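A.B. asks: If you want the building blocks of each chain, they are given just below.
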Amino acid sequence: MIYQVSDRKTKETHRVELQEVSEGVYRLTLEGRTVEMNVAKSGRTIYSVIEEGRQFEAVVDEQGAHGFDILIRGRLFHLEAVDERSLLLTQQAKATASGPQAVEAEMPGKVVKVHCSVGDEVEEGQGVVVLEAMKMENEIFAPISGRIAELSVREGETVETGALLFVVAPPEEGSS
Amino acid sequence: MIYQVSDRKTKETHRVELQEVSEGVYRLTLEGRTVEMNVAKSGRTIYSVIEEGRQFEAVVDEQGAHGFDILIRGRLFHLEAVDERSLLLTQQAKATASGPQAVEAEMPGKVVKVHCSVGDEVEEGQGVVVLEAMKMENEIFAPISGRIAELSVREGETVETGALLFVVAPPEEGSS
Amino acid sequence: MFKKILIANRGEIAVRVIRACHEMGIEAVAIYSDVDRDALHVRYADEAYPCGPPPAAESYLRMERIVEIAKRAGAEAIHPGYGFLAENGDFADLCEREGVVFIGPAGDVMRKMGDKVTARQTMEAAGVPIVPGTTERLSDAEARAWIEKIGLPVMIKASAGGGGKGMRLVRRPEEIEQGLKRARSEAKASFGDDSLYIEKFVEQPRHIEIQVLADGFGNCIHLFERECSIQRRHQKVIEEAPGNGITPELRAEMGRAAVAAAKAVHYRGAGTCEFLLDAEGNFYFLEMNTRVQVEHAITEAITGVDIVKAMIRVAAGEELGIDQEDVSISGHAIEARIYAEDPENKFLPSPGEIVVYRPPGGIGVRVDSGVYQGARVTPHYDPMVAKLITWGRTRSESVERMRRALREFVVKGIKTSIPFHEQVLHHPIFLEGRYDTGFIDEHMGGGVLRTADGGQEHRVALMLAAVAAWRRDKERARRAGSVVHGSGQSPWRAFGLRRQLGGGLR
Amino acid sequence: MFKKILIANRGEIAVRVIRACHEMGIEAVAIYSDVDRDALHVRYADEAYPCGPPPAAESYLRMERIVEIAKRAGAEAIHPGYGFLAENGDFADLCEREGVVFIGPAGDVMRKMGDKVTARQTMEAAGVPIVPGTTERLSDAEARAWIEKIGLPVMIKASAGGGGKGMRLVRRPEEIEQGLKRARSEAKASFGDDSLYIEKFVEQPRHIEIQVLADGFGNCIHLFERECSIQRRHQKVIEEAPGNGITPELRAEMGRAAVAAAKAVHYRGAGTCEFLLDAEGNFYFLEMNTRVQVEHAITEAITGVDIVKAMIRVAAGEELGIDQEDVSISGHAIEARIYAEDPENKFLPSPGEIVVYRPPGGIGVRVDSGVYQGARVTPHYDPMVAKLITWGRTRSESVERMRRALREFVVKGIKTSIPFHEQVLHHPIFLEGRYDTGFIDEHMGGGVLRTADGGQEHRVALMLAAVAAWRRDKERARRAGSVVHGSGQSPWRAFGLRRQLGGGLR
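Chains as they are written, first to last, in the working numbering: chain A, 12 to 187; chain B, 12 to 187; chain C, 7 to 512; chain D, 7 to 512.
For reference, chain A alone in the conformation it holds in the complex (with noise of 0.2 Å):
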């Protein structure tokens, strides 16, 4: 997982590589340095973080839906973090806001399965392929009610970021 770490303060924003390594145990990589970190389980206490054997102490508050106000050692951050494929998501949700919608990949991954044909009627929300990346399986659905108008992808096939996936054609269009 990617995570997009901004300073609500600063405005600056940051990078964040996460595998989990095992329980409680993450591999994170910022800004080019990976590190191994032990997270405490702190249910309603306080975070312990061992990062390289270095110990802080932090205490996590969370802020809205996606900022943590973080003081650890006396400093207190104001951080916003988001998982990046949501972020991708909402830009190409904007980007296709209107007319034929083409659905591309975000991110590679592999087609695992693709419901639908081209010519099928569908409602928006409804599954037409789910690709696999990152460990997760990622049901795409249509964006728009209408018709298939072009399916680019095959099960089992191998997409890159920003392969085009398939297109989505409202019913005006569909009928003139």
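Don't read these hints as lab results, they were simulated from the structure. Warning: the hint list may mix true and false statements.
Per label pair, the in silico range of CB-to-CB distance [claimed, not checked]:
#, chain 1, residue 1, chain 2, residue 2, range
1, D, 357, B, 84, 21 to 27 Å
2, C, 434, D, 452, 55 to 61 Å
3, C, 382, B, 135, 49 to 55 Å
Straight-line distance between alpha carbons at most 27 Å, and here's what the computed BS3-like set of lysine-lysine pairs gives [said to hold, decoys possible]:
#, chain 1, residue 1, chain 2, residue 2
4, B, 20, D, 418
5, A, 20, C, 418
6, A, 20, C, 206
7, C, 155, C, 187
8, C, 122, C, 187
9, C, 242, C, 171
10, C, 352, C, 418
11, B, 22, D, 206
12, D, 194, D, 206
13, D, 171, D, 77
14, D, 77, B, 22
15, D, 480, B, 124
16, C, 418, A, 22
17, D, 418, C, 418
18, C, 242, A, 121
19, C, 206, C, 194
20, C, 480, A, 124
21, B, 20, D, 352
22, D, 480, B, 121
23, C, 194, C, 122
24, C, 206, C, 171
25, C, 352, A, 22
All values reported here derive from a predicted model rather than from experimental measurement. We put the beta carbon where it would ideally sit given N, CA and C, even for glycine.
Given the coordinates of chain A, work out where chains B, C and D should sit on it, guided by the hints.
C.D. replies: Chains B, C and D only, in chain A's frame:
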């Protein structure tokens, strides 16, 4: 509600009558003396009890089904608290372990519902009569499977402690 | 000795007094407003009675009701703590009339010291040095004449004032008219009395106060000084004892002045004479606080004397039992007041539930707190949640211990002033011990938390944010079953759905 | 001075050492076994490294691994705390070989003091009084001859022993044979060495120990005595300083003896000479503990000296910097060791999660703890969860403060020895301060919690049990919906079902 509170060590048993006056405030009668007790909500923390102005902090640990270890000002008490009606029913259950089962009212109350008629086949655990007592509706179930041999109450009737409610005869008896 | 004492207060000072009672074998009676049923001072008390709705005016300030509760509970005495009714002479009088001992000085003594002008006159007569200025209630013309005589800068003050209200600093001649006008209207609005007096403004003043203890038999001693110059908007933030660079001679001189002041009004109990000390070592009587102070604990730390117990003993008619020669200064103590305030946001109050509370411990650390994990800080009262006091053999040891203790102190759920204290405790000017009451304005931007700048902590925070986000998403998924839904803002809900592979979420 | 120190320990003593490091600006490196990842000493450390599985032999006792971690982390020194490797001369030697400073005396000094017979010989040669008896490894025949000479009662002890193992009290002639046999076999089984020695048994002995501090420059001072006579099965339960009824002359004499003992072995660091004191005021050297003691905090309380910091300074090659004349006794201190033990059930360990933890606070109270709310006490290590230390101007004030603090102390989730301490602190013999090491056996039934007998608390407990039962039933009903099901044991489930009328349960 009446609770029988017994000391697991001395085996002494006391009767405590409990009535909730308002949120966290209870009227309690113990050995003829009625007091009001204000018990602060305590979730995962420590009880604060105010009884007629006297304040006590109490640490309460549940022990098994009915046990409470209570530590007050350095004194530890090992107590069992059981709802008296549950207790009475336990005794009743023991008393009616075989043969035709007579079910009696374990406390004064009003019959608000009669589900069956004489001769009806009933399964163990099937509701027969609903008795309202102490602000609670008590649904009285058939203690065994069999046939309703006798039904002594009607809806709307008020009964005293020990009044016969109904008798269930086991199948063997019915066929002999 | 009393068998039972009612504490007409809440929070840490109520807990403090209850502790003294318990150590003396005295039963402690608490009172609580409706929002304080679950407060720590109630939990520590032997008896507790409700005293009214949350607003102080309807609960902790209800004099008649409180005395009535004390009488009904059989309490022979009332300890007022600080704030609320602690310096209310009428309350002391009421207690006396009703046959309940008020633990503090007599009502007329409080009134005498409560009126700044009367206090100045009394002190001047007793030979205690006061800031050059007037003790009269002045007309504007008289005021102008006095300013001419004393010379600028001057401070125009409300006779009935306190806490910085009705105070006006005048540095230039053209500010005089406006200053008088504003001070009078503020005084009228705040205290219903527009009487003014004028004082020479002491430049780079330090706030040095002397703790005194007096009994009803004419015995009166002082417990040396406290330095309270670290102030934000006239509110003390950090105090230390002994004061920085106070020579034994100056200490003895100020101590004598404070004892003279207390004796002049036939003082009984614990009290504090506040002085301004200028850069040349001149000191001036400022006012006398006729109650136990928030910062009394640092004096206890360096002398070993339990001031609250001494107050109770004296009020019960016992002799003080400590002579001036019995007390000496051992080591150094610092107090940091931990407030439920957001140091990043103008120190606005930050009420709420204390979700995690882990006070520091170990050698040389004292915590006086009115809260516990799970307690709520309400917006109705003073936002102080705890006092942290450290003692060391030397000033530097007590400073190092305070830093260490602040680092250990964890409060989650509300914002606190802990990060601000940490910055003060690392500031070179503070470490040198050469500061005056202008410290926070001049060196801490008036009370602004420096933004954390990079470093190791920043890296860790960035990565931890990612971990926290990942964990939250995972936890949400677990709760929702095996399927991960996006949040309301996420496009996943609109046209995406993902499932995690592998064991984690099944 | 060191920049980084590894603490080869866990629990409260690891936290104690970390605090000293932080106050000195030294980084603290923790080690943790697999069950201790979430322990307090890890949370307070600057660095933390895993050291192995839960059993101590596979983690905290792994000498090579610990030294390896220290070197890898760049720690210049290791503080061993107490227990584990603290008195292991081989570990000290290993540290020295590997170029890491061991904070404590040299390995050969530890070995010399660790062997009881050698220690006795050394002390006798230094003119320190020892309990009449042998210093030889005796044959049975020699033993019988010595017993004849010293006179009964005598104590037969294992030369390699400690902690009460391999010790045998012989009061009557007919017990001699059996005593020798048993002591030898126990010694063989426990220590792999059946060597024995014999000591006069001191009747009504008190356990008085002297704290010493020594540097590498020949400076050696003592910090007065601690009385540790409140023991349960040879384990200290409550300690106080100064000792009861110790005259200044006796104190000076014992202090001189302890300093002589330390100088005789060229001691460096903090150490403790334990003595037996009989009713006539005769004292006898018992053994020297070559480490910081659990109860060092009460000496810190009455002298103001930070013993752990002194150890670190001395180990770093600094001079002690404190002369004998610089230290004096101020007030009185008591320590209660709070164990995760069930005082109602033979003090069996009571591990588990600490669900609620509210330590006491306020004036004169110090808590040194290795836990926090939410922490787990595991069965793998020493069951001590906290040390509670109170200080007062007088013994009675420190006793009253200890009672008050014990009353405030709440630990929920595990059983603790707090109720037992409260009973000791109310016992008239303890209050008189006239007790010996037989106190718990003779006056506390060997360590039995008196059952609470009636009173107000009993009434409240009975009623609260009813309230708790009612609340639980109500909560269960709420969770189950609007219908109240009986518990598994209740007949309601079998043939009854009830519904509550009214708003409560809807």
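A.B. asks: Now look at each hint and say whether the structure bears it out.
C.D. replies: Results of checking the hints against the structure:
1. D:357 x B:84: 21 to 27 Å: 26 Å, holds
2. C:434 x D:452: 55 to 61 Å: About 59 Å separates the Cβ atoms of residue 434 (chain C) and residue 452 (chain D), which means 55 to 61 Å holds.
3. C:382 x B:135: 49 to 55 Å: 50 Å, holds
4. B:20 x D:418: 21 Å, holds
5. A:20 x C:418: It holds: about 21 Å lies between the C-alpha atoms, which stays within 27 Å.
6. A:20 x C:206: Violated: residue 20 (chain A) and residue 206 (chain C) sit about 44 Å apart, past 27 Å.
7. C:155 x C:187: 20 Å, holds
8. C:122 x C:187: Distance ~20 Å between residue 122 (chain C) and residue 187 (chain C) Cα, so the pair holds.
9. C:242 x C:171: 16 Å, holds
10. C:352 x C:418: The given pair, whose Cα atoms are some 19 Å apart, holds under the 27 Å limit.
11. B:22 x D:206: The given pair, whose Cα atoms are some 49 Å apart, is violated under the 27 Å limit.
12. D:194 x D:206: Satisfied, since the Cα-Cα distance of roughly 22 Å is no more than 27 Å.
13. D:171 x D:77: Outside the cut-off at roughly 36 Å; violated.
14. D:77 x B:22: 62 Å, violated
15. D:480 x B:124: Satisfied, since the Cα-Cα distance of roughly 24 Å is no more than 27 Å.
16. C:418 x A:22: 25 Å, holds
17. D:418 x C:418: 21 Å, holds
18. C:242 x A:121: 65 Å, violated
19. C:206 x C:194: Holds: residue 206 (chain C) and residue 194 (chain C) sit about 22 Å apart, inside 27 Å.
20. C:480 x A:124: 24 Å, holds
21. B:20 x D:352: With a Cα-Cα distance of about 16 Å, the restraint between residue 20 (chain B) and residue 352 (chain D) holds, given a limit of 27 Å.
22. D:480 x B:121: OK: residue 480 (chain D) and residue 121 (chain B) at ~23 Å, within 27 Å.
23. C:194 x C:122: Holds: residue 194 (chain C) and residue 122 (chain C) sit about 15 Å apart, inside 27 Å.
24. C:206 x C:171: 18 Å, holds
25. C:352 x A:22: 21 Å, holds
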